[in-house]
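Student: Chain A is fixed; fit chain B onto it per the hints.
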Amino acid sequence: MSLVNDVFIGAAAVFVVLAIAMLYRVIKGPTMQDRVLAVNVLGTNTVVILALLAAGLEEPWFLDIALIYALLNFLMTIAISKFTVERGGII
Amino acid sequence: MIERLRVGSIVVLVAGGVFFTFVSTTGVLRLPDVYTRAHTASQADTLGAGFALAAVALALGWQPATLITVLLMFFIFITNPTAAHAIARAAYESGIEPWREDEP
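Going down the list, the sequences are from chains A and B. Quick note: the first sequence uses this note's numbering, first residue 1, plus one each step. Quick note: the second sequence uses this note's numbering, first residue 1, plus one each step.
Since the hints were made in silico from the structure, they are not lab data. One should not assume that every hint holds.
Stated by the list, open to error - Computed from the model, here is a short list of chain A residues facing chain B with C-beta under 8 Å:
id	residue
1	Ser2
2	Leu3
3	Val7
4	Phe8
5	Thr31
6	Val36
7	Leu37
8	Val39
9	Asn40
10	Asn45
11	Ala51
12	Ala70
13	Phe74
14	Thr77
15	Ile78
16	Thr84
Stated by the list, open to error - One-sided and incomplete, this derived list gives chain B residues near chain A with beta-carbon spacing under 7 Å:
id	residue
17	Ile10
18	Ala65
19	Thr79
20	Glu93
21	Arg100
Here a beta-carbon is modelled for each residue, glycine too, at the ideal position from N, C-alpha and C.
Just chain A, with the same shape it has in the complex:
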């Protein structure tokens, strides 16, 4: 079972590297929608990282945090997309 734990923790490390690479699009993205899209993909990566750590470190309560994070991520994306069209900005 130790091999599987190592596989999960190594995959979580690779996902962290990919999430850091995604920050380039968040900073540089020419339009608002590019940034929102990159933050959405980054949030999905974070959910997967939390689930992999829950299996790798054998602490299943990480999955509750992952579920709440996925829900807030979806709500953030929908809210920003709607407000940029209908009210011309978030504030």
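Tutor: Leaving out everything else, chain B in the frame of chain A:
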């Protein structure tokens, strides 16, 4: 025998998840337009997250946490294309033209 099959399936699923998330990250960093980026983010990233969460559900076995993982898999499977669709629609309605090949 069953145990070796299970470990092999977990390794293959995790490798698939890492590969498709790598494809998604490369697409979001390299593609020229917000619509093409939304396309790769909604397809490749959903597949990668689904593979990785399936590996987690297979590794946890029969316990209540597996139910949360399967629920999370279906949730991401539904919400990720919906979010990409909302972003693409917001981009179109705020006046961003789609990228064409004969333009720089």
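Student: With reference to the structure, classify each hint as holding or not holding.
Tutor: So, going through the hints one by one against the coordinates:
Nearest Cβ of chain B to the Cβ of A:Ser2: about 11 Å, over the 8 Å cut. The hint is violated. A distance limit of 8 Å between C-beta atoms decides the matter here; for A:Leu3 the minimum to chain B is near 7 Å, and the interface restraint holds. Using the Cβ-Cβ criterion of 8 Å, the hint placing A:Val7 at the interface with chain B is satisfied: the shortest such distance is roughly 6 Å. Taking 8 Å as the C-beta contact cut-off toward chain B, the hint placing A:Phe8 at the interface holds, the least distance being around 7 Å.
Given the 8 Å rule on beta carbons, the hint for A:Thr31 holds: about 6 Å separates it from the nearest Cβ of chain B. Annotation: interface hint on A:Val36 holds; nearest CB of chain B at approximately 6 Å, less than 8 Å. Interface restraint check for A:Leu37: the shortest CB-CB distance to chain B comes to about 5 Å, inside 8 Å, so the restraint holds. At about 10 Å, the closest approach between the beta carbon of A:Val39 and any beta carbon in chain B exceeds 8 Å, and the interface hint on this residue is violated.
Using the Cβ-Cβ criterion of 8 Å, the hint placing A:Asn40 at the interface with chain B is satisfied: the shortest such distance is roughly 5 Å. Here the hint on A:Asn45 is kept, as its CB sits about 7 Å from the closest CB of chain B, short of 8 Å. Hint on A:Ala51 holds. Least Cβ distance to chain B is approximately 5 Å, under the 8 Å limit. Taking 8 Å as the C-beta contact cut-off toward chain B, the hint placing A:Ala70 at the interface holds, the least distance being around 6 Å.
Because the closest C-beta pair between A:Phe74 and chain B is about 4 Å apart, less than 8 Å, the hint holds. About 4 Å separates the beta-carbon of A:Thr77 from the nearest beta-carbon of chain B, less than 8 Å, and the hint is met. At a threshold of 8 Å, the smallest CB-CB gap from A:Ile78 to chain B is about 6 Å, leaving the interface hint in force. At a threshold of 8 Å, the smallest CB-CB gap from A:Thr84 to chain B is about 5 Å, leaving the interface hint in force.
The beta carbon of B:Ile10 is positioned within 7 Å of a beta carbon in chain A (closest approach about 6 Å), and the interface hint is therefore held. Interface hint at B:Ala65: satisfied, since its Cβ lies 4 Å from the closest Cβ of chain A, which is below the 7 Å cut-off. Below 7 Å, beta-carbon pairs count as interface contacts, and B:Thr79 has one with chain A at about 4 Å; its hint therefore holds. Given the 7 Å rule on beta carbons, the hint for B:Glu93 holds: about 5 Å separates it from the nearest Cβ of chain A.
About 16 Å separates the beta-carbon of B:Arg100 from the nearest beta-carbon of chain A, more than 7 Å, and the hint is not met.
Hints 1, 8 and 21 from the list above are not met by this structure, while the remaining hints are.
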